[in-house]
Amino acid sequence: MPASLVHAFSRLKNAVTGFIRADRFALIASAAVIAYGIVWSLISTAKLYTYHATVFDLGVSSYLLWSVFHGHFVVVPEKAIYLLLAPFYYIYPSQAALLTFQSFWIGSGALPLYLIAKRIVREREALMVSIAYLLYFPVAGINWFDFHFMALFPTLFFTGLYFRMTGRAGPSAIFLGLSCLTDALAPVVVTIAGCILLYEDCKIRIGKVTILPRDNTRISMRYDAAVAILPLLLMLAIAAAFGASTLLKYVPFSLSPGAEVTALSYDILWKLFFIVLPILPFVAFTRKSAAFLLLSVPYSLFALFSTDLNNFTPYYYQYAALYAPGYMLAALLGLAGMKERSLRISGICRIKVKPAALFVALVMISGAFLLPYSPANAILPKPPGGNYLFLHNVLPESVDNELTKMIALIPSNASVLMQNNMPLLAQRVNSTIPGVYKGNYLPDYVVTDPHSRFFYVNINGSTKGDMLYWVNSLFSTGRYGIMAEAGNCVLLAKDYTGPMQYFMPYTAKQSMPVEHGTDPAFQTYLANGLYELNLSGPNYATLLFRLNGTASGAGRSGTYLLSNGISVVISVERGSMYSFVSVAASGAASNTSFTLSLTQAAILQY
Numbered sequence: 334m335p336a337s338l339v340h341a342f343s344r345l346k347n348a349v350t351g352f353i354r355a356d357r358f359a360l361i362a363s364a365a366v367i368a369y370g371i372v373w374s375l376i377s378t379a380k381l382y383t384y385h386a387t388v389f390d391l392g393v394s395s396y397l398l399w400s401v402f403h404g405h406f407v408v409v410p411e412k413a414i415y416l417l418l419a420p421f422y423y424i425y426p427s428q429a430a431l432l433t434f435q436s437f438w439i440g441s442g443a444l445p446l447y448l449i450a451k452r453i454v455r456e457r458e459a460l461m462v463s464i465a466y467l468l469y470f471p472v473a474g475i476n477w478f479d480f481h482f483m484a485l486f487p488t489l490f491f492t493g494l495y496f497r498m499t500g501r502a503g504p505s506a507i508f509l510g511l512s513c514l515t516d517a518l519a520p521v522v523v524t525i526a527g528c529i530l531l532y533e534d535c536k537i538r539i540g541k542v543t544i545l546p547r548d549n550t551r552i553s554m555r556y557d558a559a560v561a562i563l564p565l566l567l568m569l570a571i572a573a574a575f576g577a578s579t580l581l582k583y584v585p586f587s588l589s590p591g592a593e594v595t596a597l598s599y600d601i602l603w604k605l606f607f608i609v610l611p612i613l614p615f616v617a618f619t620r621k622s623a624a625f626l627l628l629s630v631p632y633s634l635f636a637l638f639s640t641d642l643n644n645f646t647p648y649y650y651q652y653a654a655l656y657a658p659g660y661m662l663a664a665l666l667g668l669a670g671m672k673e674r675s676l677r678i679s680g681i682c683r684i685k686v687k688p689a690a691l692f693v694a695l696v697m698i699s700g701a702f703l704l705p706y707s708p709a710n711a712i713l714p715k716p717p718g719g720n721y722l723f724l725h726n727v728l729p730e731s732v733d734n735e736l737t738k739m740i741a742l743i744p745s746n747a748s749v750l751m752q753n754n755m756p757l758l759a760q761r762v763n764s765t766i767p768g769v770y771k772g773n774y775l776p777d778y779v780v781t782d783p784h785s786r787f788f789y790v791n792i793n794g795s796t797k798g799d800m801l802y803w804v805n806s807l808f809s810t811g812r813y814g815i816m817a818e819a820g821n822c823v824l825l826a827k828d829y830t831g832p833m834q835y836f837m838p839y840t841a842k843q844s845m846p847v848e849h850g851t852d853p854a855f856q857t858y859l860a861n862g863l864y865e866l867n868l869s870g871p872n873y874a875t876l877l878f879r880l881n882g883t884a885s886g887a888g889r890s891g892t893y894l895l896s897n898g899i900s901v902v903i904s905v906e907r908g909s910m911y912s913f914v915s916v917a918a919s920g921a922a923s924n925t926s927f928t929l930s931l932t933q934a935a936i937l938q939y
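Those letters in the sequence shown? Residues 334 to 939, by our numbering.
No lab work stands behind these hints: they were computed from the structure. Glycine included, each C-beta is placed from N, C-alpha and C at the ideal position. Please note that a few of the clues may not be correct.
Taking CB as the label site, the calculated pair distances span [said to hold, decoys possible]:
| hint | residue 1 | residue 2 | range |
| --- | --- | --- | --- |
| 1 | Arg-501 | Arg-357 | 21 to 29 Å |
| 2 | Ala-559 | Gly-404 | 36 to 44 Å |
| 3 | Gly-404 | Ala-690 | 50 to 58 Å |
| 4 | Ser-930 | Val-584 | 16 to 24 Å |
Straight-line alpha carbon distances no greater than 30 Å define the calculated DSS-like cross-link-like pairs of lysine-lysine that follow [as the list claims (entries may be wrong)]:
| hint | residue 1 | residue 2 |
| --- | --- | --- |
| 5 | Lys-582 | Lys-771 |
| 6 | Lys-582 | Lys-797 |
| 7 | Lys-621 | Lys-738 |
| 8 | Lys-738 | Lys-797 |
Can you make the complete structure from the sequences, with help from the hints?
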């Protein structure tokens, strides 16, 4: 081996060894960040490929990035950070890569937080704070709801604050400035932080002890004043250049007092619960550092005056990016002033409680109930929308692969009506979803997934906001043919009269415990066709079969009493595509279990 190579290898080895010896806790924090990124990358990409991700918001964000260099540039000044990401997305326009980047980026916020903490508490405690950030359940919520530019805020903010503490004004200004470009509310959060820093400067001027140490040689009050003022000037510049409505659309307040009272009272108890819940693990640590809790005020006001579930359920939505940094800083600064205490347990013994260890324990306990896929998650009272929306098995199933093959049949330049769980189709100019589509034109293709809640649940409250309505309406025009059908998913093509290009029959099998005789134990939407239904159970049982054209009752409806093993034609009004079907067992003793098998035998092409 050449001597120069040996020397280079030796220097690298010494550098790595020196780093480990100098700060082994930083190495542990880095390993935790990598583990966090891997786990959440797997979860988020699995959601994408099993069609549990959404057009709102992954599809919208990826389209925004894609549009910059594809002739369809969309200007969104309040999230201007996307302009810096767009060149990278142009080189590799992958939604999976975007989700992976987000997972590692969110996790990397633990590193500047560790460096901040190391200047305030001991290294071991600083490590615990950074680990607590990774385990904090609202941070998981940022990852859970697909991709958002807001998710970039915590890491940028922590990094800017760290450089400010170490006396490097230039890098600090760059990172804090970038954090202001991630969301419309982000400049307000940075302004509040600047005001807190100014308050700390004033304490230093009059000789009081500050809870946020910094290098005083380069950072002055003028810099902190700029941090407090310039973000607001940025907001004013955006409003002047693009119109006040650009920012006002994010403000829940209105000019009508009555409307504000109505909005405030809407689910007020749940709002208060969700606003208070994230601070509960930290509240005992923030007595001397409560000022940093003010960073949560913009989001709290936004949530209180909102009537949109997405805006006030913070532990599974992206808005935690705006308040999690403030809560973590408040807890960190509170830890700095706390000493180890003795605690007597039932008069038997005394144990010493370390504040940092208690802090991590409380975060872990709350996470045991509030992190996705936690077995204890279902124990909590069920809030509006469920404990975690879209909490599904993200392991690939056969229907996911079949749906992917069908989508591959759609030309890239064709217009397509898709569901909200199909962000893979969003990265094109001529795609739309129910709720946005108004029926003013006939799309070239319509692709359905009745296994998703977005097939029958609208996304904007309109009566025509679900795919079930539109697929039946468009099919009834007589202009569409069935190009492919697999696992009960259907691809319709306008003016298509050729043979089916892909078909896989739909099969369903499940156990049906009968408790009340005729209660439906199987309910689903079926595309028209010939189905074989079989009920395995006691011989004296019968099968009660109900058929309705749509959820609203349109189409041919009926109730049929069937014997075991009979073939049934799912027959709907001519031109309809899907029917709602429910099946129940009757004539058996209570709590008797049956097995229902339903297999598609043939397609009915009208």
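Outcome of the hint check:
no. : hint                            : verdict
1   : Arg-501 <-> Arg-357: 21 to 29 Å : holds (25 Å)
2   : Ala-559 <-> Gly-404: 36 to 44 Å : holds (38 Å)
3   : Gly-404 <-> Ala-690: 50 to 58 Å : holds (56 Å)
4   : Ser-930 <-> Val-584: 16 to 24 Å : violated (55 Å)
5   : Lys-582 <-> Lys-771             : holds (22 Å)
6   : Lys-582 <-> Lys-797             : holds (24 Å)
7   : Lys-621 <-> Lys-738             : violated (58 Å)
8   : Lys-738 <-> Lys-797             : holds (28 Å)
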